[in-house]
Amino acid sequence: MPMITLSDIPARGGSPFTPAMGVFLLALSTAPFSLPAVGLYQYLGIEVAIWLIVALGFNLLFGYIGLHSFGHGAYLGIGAYAFGLFQQEIAVSLWGGLLAAISAATIAGGIVAAFISHRRGIYYALMTIAFGQIFWFCAIKLHGVTGGEDGLLGIPRPDFVLGPIRFSLADNTSLYWFSAVLLALVAIGLWRLVNAPFGRVLQAIRQNETRARFVGYDVWRIKWLTFTLSAAFAGLAGGLFSMAQESAYPDVMSLHQSGLIVMMILVGGGLVSFWGPVLGVILYFVARDVIGGITETWLLWFGLMFVIMVMSRPEGIAGLIHVARTRLGHAPAGRSAPKPTEV
Amino acid sequence: MFELVPHIINGLTLGLLFALIALGFTLIVGVMEVINLAHGAMFALGAYFAMTTIGGGWFGGTEFGQWWLTLPIGTRYAIGVIVGPLMAAGAGMILELCLRPTYGKAPLYGLLLTFGAALVIEEIIRLSWGTGEQSLPVPQAINGAFFMGGLIFSKYKFFAAGFAIIAIFGVWAFLEKTPYGAIIKAGAHDSEMVRALGYDLSKLRLLVFGFGAALAGLAGTVMAPIWGLRPHIGIDVIIPAFLIIVVGGVGSFWGAVIAAVLVGLSVGITGAYAPAWSMLSMYLLLIAIVGFRARGLLGRKSALEN
Amino acid sequence: MALFEAQNLRKRFGARVVLENISLSIEDGTVHGIMGPNGAGKTTCFHVLTGHHAPDAGRITFAGRDITGKKPHQIARMGISRSFQIMNLFDDTVVIENVILALPEFRSSGLNPIRDVFGNTALIDRALAVLDQVGLAHRAWEKAAALPYGERRALEIAVALAPEPRIVFLDEPTSGLGTDATRALADLIRDLRNRYTICLIEHDMRFLFDLADRISVIHWGQVIDENTPANLRANKWVARSALGEVA
Numbered sequence: 001m002p003m004i005t006l007s008d009i010p011a012r013g014g015s016p017f018t019p020a021m022g023v024f025l026l027a028l029s030t031a032p033f034s035l036p037a038v039g040l041y042q043y044l045g046i047e048v049a050i051w052l053i054v055a056l057g058f059n060l061l062f063g064y065i066g067l068h069s070f071g072h073g074a075y076l077g078i079g080a081y082a083f084g085l086f087q088q089e090i091a092v093s094l095w096g097g098l099l100a101a102i103s104a105a106t107i108a109g110g111i112v113a114a115f116i117s118h119r120r121g122i123y124y125a126l127m128t129i130a131f132g133q134i135f136w137f138c139a140i141k142l143h144g145v146t147g148g149e150d151g152l153l154g155i156p157r158p159d160f161v162l163g164p165i166r167f168s169l170a171d172n173t174s175l176y177w178f179s180a181v182l183l184a185l186v187a188i189g190l191w192r193l194v195n196a197p198f199g200r201v202l203q204a205i206r207q208n209e210t211r212a213r214f215v216g217y218d219v220w221r222i223k224w225l226t227f228t229l230s231a232a233f234a235g236l237a238g239g240l241f242s243m244a245q246e247s248a249y250p251d252v253m254s255l256h257q258s259g260l261i262v263m264m265i266l267v268g269g270g271l272v273s274f275w276g277p278v279l280g281v282i283l284y285f286v287a288r289d290v291i292g293g294i295t296e297t298w299l300l301w302f303g304l305m306f307v308i309m310v311m312s313r314p315e316g317i318a319g320l321i322h323v324a325r326t327r328l329g330h331a332p333a334g335r336s337a338p339k340p341t342e343v
Numbered sequence: 344m345f346e347l348v349p350h351i352i353n354g355l356t357l358g359l360l361f362a363l364i365a366l367g368f369t370l371i372v373g374v375m376e377v378i379n380l381a382h383g384a385m386f387a388l389g390a391y392f393a394m395t396t397i398g399g400g401w402f403g404g405t406e407f408g409q410w411w412l413t414l415p416i417g418t419r420y421a422i423g424v425i426v427g428p429l430m431a432a433g434a435g436m437i438l439e440l441c442l443r444p445t446y447g448k449a450p451l452y453g454l455l456l457t458f459g460a461a462l463v464i465e466e467i468i469r470l471s472w473g474t475g476e477q478s479l480p481v482p483q484a485i486n487g488a489f490f491m492g493g494l495i496f497s498k499y500k501f502f503a504a505g506f507a508i509i510a511i512f513g514v515w516a517f518l519e520k521t522p523y524g525a526i527i528k529a530g531a532h533d534s535e536m537v538r539a540l541g542y543d544l545s546k547l548r549l550l551v552f553g554f555g556a557a558l559a560g561l562a563g564t565v566m567a568p569i570w571g572l573r574p575h576i577g578i579d580v581i582i583p584a585f586l587i588i589v590v591g592g593v594g595s596f597w598g599a600v601i602a603a604v605l606v607g608l609s610v611g612i613t614g615a616y617a618p619a620w621s622m623l624s625m626y627l628l629l630i631a632i633v634g635f636r637a638r639g640l641l642g643r644k645s646a647l648e649n
Numbered sequence: 650m651a652l653f654e655a656q657n658l659r660k661r662f663g664a665r666v667v668l669e670n671i672s673l674s675i676e677d678g679t680v681h682g683i684m685g686p687n688g689a690g691k692t693t694c695f696h697v698l699t700g701h702h703a704p705d706a707g708r709i710t711f712a713g714r715d716i717t718g719k720k721p722h723q724i725a726r727m728g729i730s731r732s733f734q735i736m737n738l739f740d741d742t743v744v745i746e747n748v749i750l751a752l753p754e755f756r757s758s759g760l761n762p763i764r765d766v767f768g769n770t771a772l773i774d775r776a777l778a779v780l781d782q783v784g785l786a787h788r789a790w791e792k793a794a795a796l797p798y799g800e801r802r803a804l805e806i807a808v809a810l811a812p813e814p815r816i817v818f819l820d821e822p823t824s825g826l827g828t829d830a831t832r833a834l835a836d837l838i839r840d841l842r843n844r845y846t847i848c849l850i851e852h853d854m855r856f857l858f859d860l861a862d863r864i865s866v867i868h869w870g871q872v873i874d875e876n877t878p879a880n881l882r883a884n885k886w887v888a889r890s891a892l893g894e895v896a
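Protein chains in written order, with this note's numbering: chain X, 1 to 343; chain A, 344 to 649; chain U, 650 to 896.
Bear in mind the hints are in silico, worked out from the structure with no lab data behind them.
Just so it is clear, CB atoms sit at the ideal spot from N, CA and C, and this is done for glycine as well.
Please note: incorrect hints may appear among the correct ones.
Claimed, not checked - Between beta-carbon pairs, the in silico distance windows are:
hint, chain 1, residue 1, chain 2, residue 2, range
1, U, Ala703, A, Ala539, 34 to 40 Å
2, A, Gly513, X, Ala114, 40 to 46 Å
3, A, Ala516, X, Ala114, 41 to 47 Å
4, A, Ala449, X, Met305, 17 to 23 Å
5, U, Arg659, A, Phe517, 43 to 49 Å
6, U, Asp781, X, Leu26, 44 to 50 Å
7, U, Asp677, X, Ala114, 36 to 42 Å
8, X, Phe167, A, Gly400, 54 to 60 Å
9, A, Glu519, U, Arg665, 28 to 34 Å
10, A, Leu440, U, Asp781, 47 to 53 Å
11, A, Ala539, U, Asp874, 38 to 44 Å
Just chain X, with the same shape it has in the complex (with noise of 0.2 Å):
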């Protein structure tokens, strides 16, 4: 069977009401229940949570333009320091915080994007691992500002204040709650960005660059907005992280960790799906937590199944799963767009 794209599984337009966001959201707010049913602990329900968020915002850089970096760890580390500086330097503030870790790994993101915006394929990859090395080497040597090794660490949780509205963020259960409600936002916004017209031209691009330039895209430009900000996107996640664990490491910018987040998306099938890195990062956790807790050689087998899957079904867990509903009947193959009511 041929290879699919994203372009294949139907876009059924901007609508944010489809059956798996359904699905999505239900499952998002069911998670402190169901998580402790299952034996597992509400901490995993906010670092799923991050990474889904991260995903999600890689996605449009990987998958939809088809822009390979395996340097994005670095965005979520210097989202994660950004927060915990705010924090200790300027004042304790959840905004403030999420705002500075934004604003940081959005410029960190946006200067990146300058240098590598007119190239693609490997010289892109490659550029994107030589800056991802250098802030992580940053952050290591940086001992005054990020603690280096060590870490930045004593990063408090501010509390949620919203006009007269305001709790403590202390435990992880209400932790929890607003991070899913901000993934919860992510998702809807990025969905309807990629259904939009947006996102079919991100997926022209990925497909011939020079087509787009003579019909008329500026394509640098577009390649730069795409990954500023898929940074923008784990600089929340970034915030959000140094939150929840109280501290910022040097080693989620490392290329190790950045590497895990592309095998989660194509494991998952972020070339094919929007869905894809959800199931991506729900399978990593389950092999971090479940196969973890049996074996130490867990990032192995998960490792050994990225590797398979390249060679084998690049599309994915969310590409095995419309195969077999297009064997099934279930789905309609071949069309990327539902035809108009009238002829």
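Fit chains A and U to the known structure of chain X by using the hints.
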């Protein structure tokens, strides 16, 4: 000015060893048009296997193991220097076999696969040998320091540099003077033509991958006493390797060697002024060059330009 | 004043000078041909005229404006459109979306993060009308990659026509087509000439001489003659250096 000399020697040594890595890398890229992100993992594997060989690790408490350790370290080291690269070559060939399903598809998949392989291999190293820093024992004769002109020089670095020079010429002789080498060179230029001439392309690919990986493993073995032995040394090698072939040009032998020495020197000299940041100079160099559209000193347009 | 003018264009790649001195002048409402042997620089000429490469020297003007060195997307937005000899389509996308992406109404909303694309019937109708012009309306909802070669060629032209350009550059549109398809293409271009100014590169002499009002002959990176087909037939030099038969 004279104080720079040890740093220049460091840089030269580093550069010559980088040249070995880069040569293996460029051969693979030239023949396969695959960027082998696992090349660094081959480097690491070579070093770790060499270390285990020298220490007799596999045969542990057995009789053979005991006897092994009674051999002079020079002998064990020499054997280690052979075994390390051989094991790396084996890993390289397995990797090539795994890459086969991705040929003909978009270059992304080869890239992802070698990247995944790099992380898998690093994880295997972590699980088999531990995450801590290890060291590769070397014979006393080439260990330690000596004085010259009021400065301290490391004996091992001279040995490593000399060894690298011999190895580079060995590779050159292999490529220029032997029939296998000629086929590899031809394959690096035009793999279709090689197949049309009747050579088995899949055997050629296997050979090239093995040979390239062996070079990386050899570099790893020789470099381990200088750079240290940790699971993630493989990653530290990929960017320099890529930088070197971009600067020196894909598929160019002397381009790779000259560029490698230049890169090594820049790291070595930066080390004189800001030692903690010397590795960073390579990343900055890559960004400067690739960011501004260079095609290298001696290279041609290749499949890299996607 | 001519609609599109190029003066003394020069372009080199490394040590090779591909375009020595190219000048041409395309009048509004005409079909202008470019011919010459392989390696003469025809495609590079196109690339320079349409902004894919900036010339090292020389000037290009369009409707009185200097467009030398402008980027491809800027040139496309000014009403200059092109097709490619090696086809450049959005292969994974359906045919109608290939056209929609080229429509200015869509493009100007291209960064819009909200609007719904396929619910917009006006866009769909416009795209179908364009596809109708090249006879592909019945294939609107199939993937571009699934189309047979001749229809992909037609789609390539449709995408070039979609933005209602003032001038269309066609790079060897008959490449790889059989006799019937070539004839259909000639008919299409005859239809189009009433609405667009066309500049085309062609190897097929008969095709070119039938359709073009004026032809520039390029050899060794220079325009060695520019004239009507009738006059060119009489030029022995041209007959000797050009490829193919001159009927």
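Structure-based check of each hint:
1. Between Ala703(U) and Ala539(A) the beta carbon distance is about 39 Å. The supplied range of 34 to 40 Å therefore holds.
2. For the pair Gly513(A) and Ala114(X), the supplied restraint of 40 to 46 Å holds, since their beta-carbon distance comes to about 44 Å.
3. At about 46 Å, the CB distance of Ala516(A) to Ala114(X) agrees with the hint of 41 to 47 Å.
4. For the pair Ala449(A) and Met305(X), the beta carbons lie near 21 Å from each other, so the given range of 17 to 23 Å is met.
5. Take Arg659(U) and Phe517(A): their Cβ atoms lie about 46 Å apart, and the range 43 to 49 Å holds.
6. As the Cβ distance of Asp781(U) to Leu26(X) is approximately 46 Å, the hint placing it in 44 to 50 Å holds.
7. For Asp677(U) paired with Ala114(X), a C-beta distance near 40 Å keeps the hint of 36 to 42 Å intact.
8. Range check, Phe167(X) to Gly400(A): Cβ separation about 57 Å, and the 54 to 60 Å hint holds.
9. The hinted window of 28 to 34 Å between Glu519(A) and Arg665(U) holds, with their beta carbons roughly 30 Å apart.
10. For the hinted restraint 47 to 53 Å between Leu440(A) and Asp781(U), the CB-CB distance of approximately 52 Å keeps it satisfied.
11. Remark: the range hint 38 to 44 Å for Ala539(A) to Asp874(U) is upheld by a beta-carbon distance near 41 Å.
Of the numbered hints stated above, none is contradicted by the structure.
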